[in-house]
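Kindly generate the complete structure, drawing on both the sequences and the hints.
What follows is the residue order along each chain.
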Amino acid sequence: MELIDFFVNIFSNQDVLFKIALMILISIYGLFALILTIQIGNLNRIINQITFSPIFTVLAGAHLVATLALLLFAVLFL
Amino acid sequence: MPKAPLEGEFILSSQDQKTESRLKSKNSVHFYSSLGINPEGLIFENQEQDEEIVLLVRRDLITNVPWIATALFLIFVPLLVFMFSDLLTPFIQVSPQTQLITTLFYYLIVAGFILVEFTLWYFNVGLVTNRRIIDLDVSGILYKHTAETRLELIEDVSYSQVGSIRSVFNYGDVLIQTAAKFANFEFDRAPEPAKIVRIIASMIGGKGP
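Residue numbers (my numbering), protein chains in the order written: chain A, 1 to 78; chain B, 1 to 209.
It is worth saying that the hints were derived from the structure and are not from the lab. Don't be surprised by glycine CBs; every beta carbon is placed ideally from N, CA and C. Check each hint, because a few of them may be wrong.
Said to hold, decoys possible - Which stretches of chain A does chain B cover? Using the computed rule of at least three CB atoms under 8 Å from a CB of chain B, they are:
| id | segment |
| --- | --- |
| 1 | 13-21 |
| 2 | 24-32 |
| 3 | 44-57 |
| 4 | 60-72 |
Stated by the list, open to error - Some chain B residues judged to face chain A by a derived CB distance under 8 Å, without partners named:
| id | residue |
| --- | --- |
| 5 | Ile43 |
| 6 | Phe44 |
| 7 | Val94 |
| 8 | Gln97 |
| 9 | Thr98 |
| 10 | Ile101 |
| 11 | Thr103 |
| 12 | Phe105 |
| 13 | Leu136 |
| 14 | Val138 |
| 15 | Ser139 |
| 16 | His145 |
| 17 | Ala147 |
| 18 | Arg150 |
Said to hold, decoys possible - FRET-style restraints, in silico, Cβ to Cβ:
| id | chain 1 | residue 1 | chain 2 | residue 2 | range |
| --- | --- | --- | --- | --- | --- |
| 19 | B | Asn27 | A | Asn42 | 23 to 31 Å |
| 20 | A | Asp15 | B | Asn184 | 51 to 59 Å |
| 21 | B | Val65 | A | Ala62 | 23 to 31 Å |
| 22 | A | Phe7 | B | Asp173 | 18 to 26 Å |
| 23 | A | Asn13 | B | Tyr107 | 25 to 33 Å |
| 24 | A | Thr57 | B | Pro78 | 24 to 32 Å |
| 25 | B | Gln177 | A | Ala62 | 37 to 45 Å |
| 26 | A | Asn42 | B | Ile68 | 21 to 29 Å |
| 27 | A | Ala62 | B | Asp137 | 20 to 28 Å |
| 28 | B | Glu51 | A | Ala62 | 53 to 61 Å |
| 29 | B | Thr70 | A | Asn13 | 30 to 38 Å |
The following block contains the structure:
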């Protein structure tokens, strides 16, 4: 009975539902960001433009770190 | 009186001499360069010791306009939503914290979109070296295709420039035909296709278009 009440509470509160959906989406996006970073690293090995490739790798890494930071922020503060 | 047929070599453009001189010296390429002649500071996988890159070809810079315009539009969408937030308030009731995280997540997605589109443009390259031609196609984050052929196997090189936008911005498709059993190469939407064809043709011993 308590379990049913718990789920009823969740589904009746739009904010809680929104938070759960947001965390799931950020997690999936994190996976995408990880794949993107790995692929950019691999492609930089195929074509290496010495003046820009390191910057590009850092940009991709920053994107991944930002995603993980947002996920952490969402889990801790929502 | 019938005129005598024209003979001799014609100078089609005064830029030929400029190209010749650029071919002899190293030129720096930027991250936004779509055509690099004798590029400096560029190496690729499996590059042989005395192999030198003669041409770096990407899609023309103007072909990036659609995704840049889309990204700019997407950047301003939250402002539009904010302007009409009074209309949405009765339907969406979430805490300010959740709104903040949602907005940050949205901008992260926009950043991801820009990163992916730039990656697809940046790594879609054609390389012409003093020994071979390499074509790297990246049409998605999880799809890449590399093809290469030796210069001796190239039979013909040509280009097509169809449409007003391509003519105005001077870009087109360069087609490199190899012997029948090998695949043909295409540098899609390459800038200054006539110059690219001329350089490759001079390398394979032809006279170009």
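Mind checking the CB of Thr103/B against every CB in chain A and telling me if the closest is under 8 Å? This hint is violated: Thr103/B lies away from chain A, its Cβ roughly 11 Å from the closest one there, beyond 8 Å.
Counting residues of the segment 44-57 of chain A whose CB is closer than 8 Å to a CB in chain B, do you get three or more? holds (count 10)
With a cut-off of 8 Å between beta carbons, are at least three residues of the segment 60-72 of chain A near chain B? With 5 residues in contact (Cβ-Cβ under 8 Å with chain B), the coverage given for the segment 60-72 of chain A holds.
Are Ala147/B and chain A close enough, Cβ to Cβ, to be under 8 Å, as the hint says? 13 Å, violated
Pairwise beta carbon distance, Val65/B to Ala62/A, judged against the given window 23 to 31 Å: At 25 Å between Cβs, range holds.
Mind checking the CB of Leu136/B against every CB in chain A and telling me if the closest is under 8 Å? 6 Å, holds
Please verify that hint: His145/B, Cβ, nearest Cβ of chain A, below 8 Å or not. 11 Å, violated
Cβ separation of Thr57/A and Pro78/B, checked against the hinted range 24 to 32 Å: Holds, since Thr57/A and Pro78/B (Cβ atoms, about 29 Å apart) stay within the stated range.
Supplied contact hint for Thr98/B, tested at 8 Å Cβ to chain A: 6 Å, holds
Is the hint on Gln97/B kept, meaning its closest Cβ partner in chain A is under 8 Å away? It holds, given that the least Cβ distance between Gln97/B and chain A is near 6 Å, below 8 Å.
Taking 53 to 61 Å as the stated bounds, is the beta-carbon spacing between Glu51/B and Ala62/A within them? Given range 53 to 61 Å: violated, Cβ gap about 34 Å.
Asn27/B paired with Asn42/A, Cβ distance criterion 23 to 31 Å: Given range 23 to 31 Å: holds, Cβ gap about 27 Å.
Comparing the model with each earlier hint shows violations of hints 11, 15, 16, 17, 18, 22 and 28; every other hint is respected.
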